[in-house]
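Chains as they are written, first to last, in my numbering: chain A, 22 to 346; chain B, 3 to 319; chain C, 259 to 806.
The set of hints was computed from the structure by calculation and includes no laboratory data. Small disclaimer: the values here were computed from a predicted structure and weren't measured.
Covered by chain C, per the in silico footprint, the following chain A stretches (three or more residues, Cβ under 8 Å):
1. 66 to 75
2. 166 to 179
3. 195 to 207
4. 291 to 298
C-beta atoms are modelled at their ideal positions from N, C-alpha and C, and glycine is treated no differently.
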Amino acid sequence: MHKYIIRRLLLTVVVVFGVTLLTFLSIHMAGDPTIFYISERASKEERLAARQRLGFDRPLHIQYLDFVVNLARGDTGTSLQHRVPAFDVVMERMPATLELTIGGFLLSTIVAFPIGVLAATRRGTMTDGTLMLGAMLGQSMPSFWLGLMFIMFFAVTLRWMPVSGHVPFIKPLLEGDAGLALANLPEAIRYLLMPMVAVSVYSISRNSRLIRSAVLEVLRQDYVVTARAKGLNERAVMMRHAIRNALIPIVTVLALQFAFLLNGVIVTETVFSWPGVGRLVFDAVSKRDVPLVMTAVVLLSFLFVGANLIADLMYGFLDPRIRLE
Amino acid sequence: MSAGKEPNPAKPKSRVPPLDQMHAPQSFIQRATSSMVKARYPVVAIFFLTLIALCAVFAPQLAPKDPNRVEIFLRLNPPLSYNEQGQLESVLGTDAAGRDVLSRLVYGARISFFVGLAAVGFGGGAGTILGLTAGYLGGRVDDLIMRLADIQLAYPFILFAIMMLTILGEGVLNLVLVLGIGQWVTYARIARAETLVQREREYVEAVRALGATEWRIMLRTIMPNILTPLIVIASFNVAGVILSEASLSFLGLGVPERVPTWGAMLANSRTELLGGSWWLAAFPGLAIMFTVVSLNILGDWMRDFLDPRLRGSGQGL
Amino acid sequence: MNRKVPFMLSLLLIIVLGLVPLMSSAQTVPTPDDDTLVIAINGEPGSMDPAQVGGSTGGSNFRIMMHTFATLYELGQASGAIDPYLAHSFTVSEDGTEWTFHMHEGLTCDDGEALTAEDAAYSFNRMADPANGFTGNSAGFVVASTGFVEARADSELDVTIVARKPQNRAMRLGLYSEVLVHCKDSYEAMSFEEAARNVVGSGPYSLAEWVPGEYMSLKAVEGFGLRPQGFENLVWRFIPEPSTAVAEVITGNVDIYKEFPASQAEAIRNSGMAEARFFPGTTRTYIGFNLNPDAPFRVENPDDVGAQAIMRTDVRVALQYAIDTDAICENLLLTTCERATSLVNPSNADHPTLEPYPYDPAKAEELLDAAGYPRGDDGVRFSLEMPARRLTGAMAPEVVLATAQMLTDIGVQTEAIFQESGDWVAALITHDLGPLYFGRTGGSEWSAQYDMADIPGHEAGCGEAETNYTNWDNDFWCTGWDTLPSLTGDPEAERELEIAMLEEFYNDPPWIMLFAGPRTEAVSNRINYESRADYFITGYSATLKDDM
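All chains should be modelled from the sequences, with the hints used to inform the complete structure.
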């Protein structure tokens with residue numbers, strides 16, 4: 022087990038290395054970033070001077086090695102746009118993105134479970150049909166569109182919800198101010214609700230369909246049939262056997278769902294003025310803020326790898342037959 | 003964004019029907035048809051998708067107007083608006099530049115369909131071959147391909163798409179390429195897992211004993227037997243790709259303005275919504291919705307039908 | 259395990275809810291109240307360093323920093339006015355190169371440090387020093403356009419700014435008015451990183467709170483007498499999506515939002531919360547002809563007819579007749595606008611001889627036929643690409659598309675290509691964008707020469723001059739530009755030359771002249787606020803209405 026984790030961590034290093042190399046090459050392939058950081062009236066000489074000052078005149082492999090060496094020392098460089106350390110810029114926004122993804126993840130799991138199980142146990146009935154039709158519809162709307170509809174309906178027409186904005190919860194928590202975090206919680210949730218739902222409707226739908234099939238699959242297994250034959254009541258069968266065993270394939274997908282949600286946040290953050298990493302990175306790419314893009318990619322890929330690792334560990338935990346080697 | 007994997011709950015156990023069972027053409031088609039008719043919904047889905055496909059093929063004949071014709075005097079006309087001579091001017095209204103929504107919708111079917119199929123075809127094809135190779139050859143090749151997959155998985159897809167489209171610029175083929183690359187890992191992983199199971203089977207041993215080359219074994223012998231789950235996933239992924247296109251359009255990336263797509267229409271409608279021009283969002287939105295739901299219904303049915311272990315678990319919904 | 263989870267969750271929820279009443283001072287998203295004005299902007303500031311305004315790094319910080327920092331003179335609210343600010347007057351040396359500003363007594367910066375001539379000189383020198391690597395409006399535009407040499411403090415209250423050459427007075431005063439003054443001691447004590455995030459201001463407001471990605475909150479500086487401070491707090495919310503910003507206006511969470519999409523005016527008015535204003539702006543909107551012989555589209559496709567055709571003056575004149583600016587403004591921007599006759603804003607451009615090119619597609623076709631570009635069998639004379647950006651207001655995609663359609667209608671098949679803003683600008687400043695490009699450039703109401711400065715003279719290389727994005731190489735124009743400084747003592751001769759130059763621009767057009775882009779602004783019904791024709795939002799001048 023320990024060996025496995027160590028191996029995975031080593032793998033993470035390889036992966037992060039690959040991800041940074043890929044990012045680095047692609048951002049430089051898109052043209053000289055210097056042009057974004059000179060005055061519109063800069064002369065050719067000034068442009069060359071700026072190129073030198075920013076270090077973009079060096080050979081690419083030197084620039085990349087420089088980045089890696091600095092990264093290993095914990096220095097991610099200074100954001101060209103913000104003129105402060107890139108790491109700080111990304112970390113300022115990470116909590117908001119985590120709120121959105123974790124919230125979306127919890128919501129998509131918590132809501133999807135009852136829907137999936139209910140649909141499976143009522144297989145073939147109206148309930149099943151309605152729930153699954155709803156799930157399909159939920160999978161057919163882009164999140165930005167849902168977000169805008171929420172704003173128009175719940176915020177503008179009904180005035181139940183705030184249009185956009187953010188009240189921090191994780192940030193004060195990380196800063197050690199649990200009291201403030203708790204005090205913020207009601208408002209934080211109020212502002213989180215619409216973006217969270219918008220970002221997770223797709224996942225809720227997908228997960229409920231997945232859970233339904235997983236439960237159906239398990240219900241046909243011999244041990245469930247046996248349990249029923251033994252005369253256990255339906256509820257006990259569901260709880261003790263079906264759901265637990267159905268969890269195994271589900272958990273893998275749920276963890277990937279976390280990564281999937283992280284993908285969805287760029288668009289949702291824009292619609293709801295959510296101060297997260299997604300929007301920041303999009304902006305950084307379009308302004309070729311190389312250090313900022315690289316830092317964000319490194320941190321996000323750590324998150325992704327982490328989510329995958331947790332999924333694998335859970336997998337092993339839930340299904341003792343699987344040995345992680 | 004379809005970087006995640008499409009659920010396949012029966013994994014990792016194999017659920018592939020024996021070869022002979024699938025390769026009796028006459029009875030296969032008959033069984034498929036009767037299963038589809040019995041499930042009812044897939045028939046509706048097929049009908050709708052055929053309709054869309056016809057729109058795509060016959061767009062120049064079906065579209066009442068040039069989809070890119072800008073008519074500023076007709077801007078934001080609601081559906082069923084008539085001109086001064088009492089003739090029907092636009093059936094589904096016009097957009098902010100006065101372009102005809104119906105015509106754009108019909109032409110949009112081309113791109114949405116093409117991008118969906120081509121991206122999945124490209125990503126699925128590449129992923130399957132890579133997964134097959136990794137699973138069959140093992141060793142270094144396997145390591146290399148799977149590490150590549152790990153890197154891809156650790157890369158937030160949308161970020162990847164933004165980077166690539168920034169470099170490559172907008173364009174239909176660029177979009178296909180980017181969305182395809184976003185997909186391959188799913189197929190590679192499943193193809194690999196399936197290949198690992200299949201390559202130990204007796205029929206593979208038999209073919210090998212007959213002296214077939216490695217490539218022949220991989221492509222001719224194993225591939226047909228691992229395709230089922232991949233095809234099912236592909237049908238879901240086409241839907242996912244159509245949605246991804248919409249999200250990228252929202253960010254101003256994707257195809258050029260002259261190429262109408264449903265996603266871009268939906269994305270561009272957003273500045274007009276508060277002004278009350280509901281038709282700009284409603285029609286492309288419905289087109290996307292019906293297509294995606296149809297593809298999902300079809301995917302569900304295919305899974306149930308092609309996969310005996312799951313057959314009978316759903317009514318197509 | 260399954261049964262315990264919901265129980266634990268509900269227990270946790272009960273505990274949390276139970277604790278809520280015990281908590282106090284939760285954070286919220288700032289909303290308007292009697293002391294607080296909320297302004298929405300789409301971008302967000304990168305750096306708040308006063309030497310780094312605008313450009314890629316500054317982002318939209320200029321609008322905000324006009325509140326936290328004062329300037330020697332100020333681009334005034336009323337059209338064309340440049341008002342005294344930190345300085346009450348100025349004198350100009352005999353040769354016109356040295357300007358001495360006389361500053362008010364008793365000024366201070368936010369940290370209490372006295373603000374004197376030394377600080378003003380420091381502000382100019384700091385932003386202009388190439389070693390500091392600043393870019394943007396001050397370090398790039400002002401330094402280059404004024405020929406800045408150095409600034410020095412002559413006494414406690416007199417600061418002299420030295421330039422290489424004399425220059426039109428209104429123009430120079432306007433440019434000097436864009437340099438934000440900050441205190442020497444405080445900024446010398448800060449690293450660049452610290453200066454990017456901290457503000458030691460000199461303006462009517464000081465930075466109270468900056469939540470990156472969300473909002474910036476400013477607080478009125480006590481005892482600042484030079485400008486009004488209508489509200490105690492000014493909050494700038496960063497809302498990237500225009501529709502979201504309008505929704506915030508409609509629900510009463512935002513007081514001022516400039517450049518809302520024209521079609522949302524109705525929704526804003528119907529909400530009863532805010533006015534939807536339309537008014538003439540100063541941003542010149544145009545279609546540029548890229549005449550750079552070395553541009554990639556010309557080098558890579560030497561046979562491209564369109565790219566060669568626009569090198570000809572008669573073709574460029576013909577295309578002027580193809581665009582119906584009135585129809586564009588009335589139908590797409592929902593307001594009226596005056597077609598431009600040159601690169602100068604109508605408010606500065608009193609050129610008696612010039613009539614705007616009329617919309618006359620038949621004439622355009624006639625001229626193109628005569629130029630030797632008849633329609634082909636497919637009805638196309640030649641094809642052109644027109645890179646543009648997706649912006650709102652006068653640059654909205656439908657405006658771009660409409661102009662492309664109008665050109666296509668006379669047989670010049672034009673395709674609008676929407677690009678990422680950064681890429682568009684990068685190609686623009688290297689003179690590689692085109693063959694046509696849909697552009698805009700900030701303009702002024704106080705000096706024709708400010709607007710004309712886009713195309714400087716021979717000294718800077720004329721055709722190759724950095725901001726001459728069209729690479730227009732017109733000898734008369736360039737010589738004229740080089741002559742202008744020598745005429746600053748003789749306003750009549752200066753004006754005469756300006757008019758002759760503008761006529762040249764009209765007759766040998768490097769642009770398809772459109773209009774000074776009309777602006778929109780949503781302004782809450784609860785406040786008095788005068789909209790500005792330029793880019794700025796002067797939040798300090800807003801006041802609560804009496805009956806509110």
